[in-house]
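Protein chains in written order, with the numbering used here: chain A, 507 to 822; chain B, 789 to 1100.
List time: in silico BS3-like cross-link candidates among lysine-lysine, alpha-carbon distance up to 30 Å:
| no. | chain 1 | residue 1 | chain 2 | residue 2 |
| --- | --- | --- | --- | --- |
| 1 | B | K1097 | A | K770 |
| 2 | A | K766 | B | K1093 |
| 3 | B | K1085 | B | K958 |
In case anyone wonders, no lab produced these hints; they're calculated from the structure. As the structure is a prediction and not an experimental result, all values here were calculated from the model.
Chain by chain, the residues run as shown.
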Amino acid sequence: MPKQEIDGDGLFNLALAMVGLVLEEGGIEVPKLAAHFGVSEKVILKAAHAITNSEDLTSPQSHFYLDWDAFEDGIIDFSVGGANLDHAPTLSRYQQTSLAIGLEYLASLPEFKNNKDLAELRTALSGGVTQRVVAHESVDVAELDLLRDAILAEQRVEFDYINQLGKKSQRKVDPLRIDLVGNKHYLRGYCLDAKELRTFRIERLSNLTGTKTAISAEAKQAAIPEEVYGTGEGEIVELSAENQAGEIFWNFPVAGAITKKDGKIYGAIRVGNIAAIARHVVRYGGAVEVISPESARQAVRDFAAKSLDGNQVSEE
Amino acid sequence: MKQSPAERLFTLTCYLLSTEIKGLSKQDIYRAVPGYQEAKSQDAVDRLFERDKKSLKDAGIQLEVINNFGFDEGDTARYRIAKESFQWPKGLTLDSAKMQLLELAAKSWNNQVLEGSAQSGLTRLKSLGLVASNTDLTPFTPRLLTRHAAFAPLARAIDTGAQVAFRYQKPDGSLSDRIVDPQSLRQIEGQWVLLAIHDGQAKNFLLRRIVSDVAVLEAEAKRLNSAELQQVEQELNDFVRGNLATIKVTADTEAQLALNPDQNGIAKINFMDEALLAEDLLEFGSDVEVIEPDSLKRRIRASLKAVMKQHA
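Please take these sequences and the hints and turn them into a complete structure.
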């Protein structure tokens, strides 16, 4: 949770969790509580106030009392007055479902295949672990492990890369982060050859080796943009897509509004290279059409024609 | 004494917990919780209480209503918090490794539909102990992609155990209206798949093929037990194992990295859905050639012809 103010329900939730934790562990310093719950110290104090401002008007006792002596030393501690609450309530079903789906997503990724802790959590929160259904793995777990270790050790890596147009190159990269978007894996890093931040599909790299070279100062200073697909420079391509192929608009920066008409989705995307759009359109087998520019239509036509040559079968 | 909404909810929870047997009447509650005394009229205080009941429910605190007379929740009703609200799932213990996984699971929502409830669930779990999270997975930034409009209503329906209705389009283009008992959402091969009971049979539906809004119905959904769920997943795995495609792959290409062919350039690929496999193969263009099955070969050829015709 970013450090920001929270709403009433959020503060109530935090108060319940905090009272449970403090009753379990004893007094805890405010900064420690803030770090643990991922909120500001101000929010921790608000939650403490919610717990102690819980007077029962029909009884001489409040539900909880704050230990003021400890509070002056920056420690949150409570003594129980009339309250009959000694730990937090369990997760709501929706909280549990949300975390369970997140865990199921992690379990679908190859790097968590044999993770025993994940299996235990899924058993506890998802009501039984079901088997992972996988047709074929597209990414090598050993490569992911090597990249992860290199990122943690802040060490450079080298690999061969094939870009989306089939062009091959050898790269030296200071690795910074691994992004998993759906089931696709991306390496975000500072490319020493291009001298800028680049995104690499991990499925397309080979002969990966780690080095003992420390990553560059440029890499350490780089701010990684959130979006894997860049921030929206490049040529505009207008598309229409049938409903079931609408996901094509999720994979590129969108230019302008997306509209729906007659059961189809219309919109424009930005692409760095017109030739690169072809494969993304062809994959939907006619459910996506390039409207303009003509050069992009031509690229799609050429890609399909070349593919058709390689897939000759006798006509029925 | 003035109380913020969070303070009022907290006091209400504590007060309701002070009775275990007979419950508390509305009047008891209004008298004891300072926040209710600020309300300007009886109507206002009743509305506030109704809103708080919903907040408690959303927070997972189940309110039991004990009716002294009749079936309706009238003024004589008494309220107490159900014991189950404080029963944590069995076998749930937290350590640094698990805390890190839970944080990743919550983070993977990445500002999408269930991010808020995943984060508030994480906060609640953190009441179990002052456990620091491991850091060996910090290089990973996982992101679920759930931009399907169907996702949120299906997750809600699974949560509340309600039937849903939607229009489904098969890869051949045929449309049908379905009423199903939703069971779970999971990601398989990069696709979100709904497991649901339809006409008494467990079936899998790809979210991207749901082409209408999802209507959440009043009717209660049947639920599969854990053994039945295992059985269904086993059957899907057997089905995937039984679907095998043989592909010729050009050496030294992206397709080779992705499909791992043998030294003769032949890859054997299992698949869940032939249309989805065709999409993945179409992206490799002329670097792949389908040897079998015939149906996949024909599908790819028909797709390429459709693209050519459309872009002629």
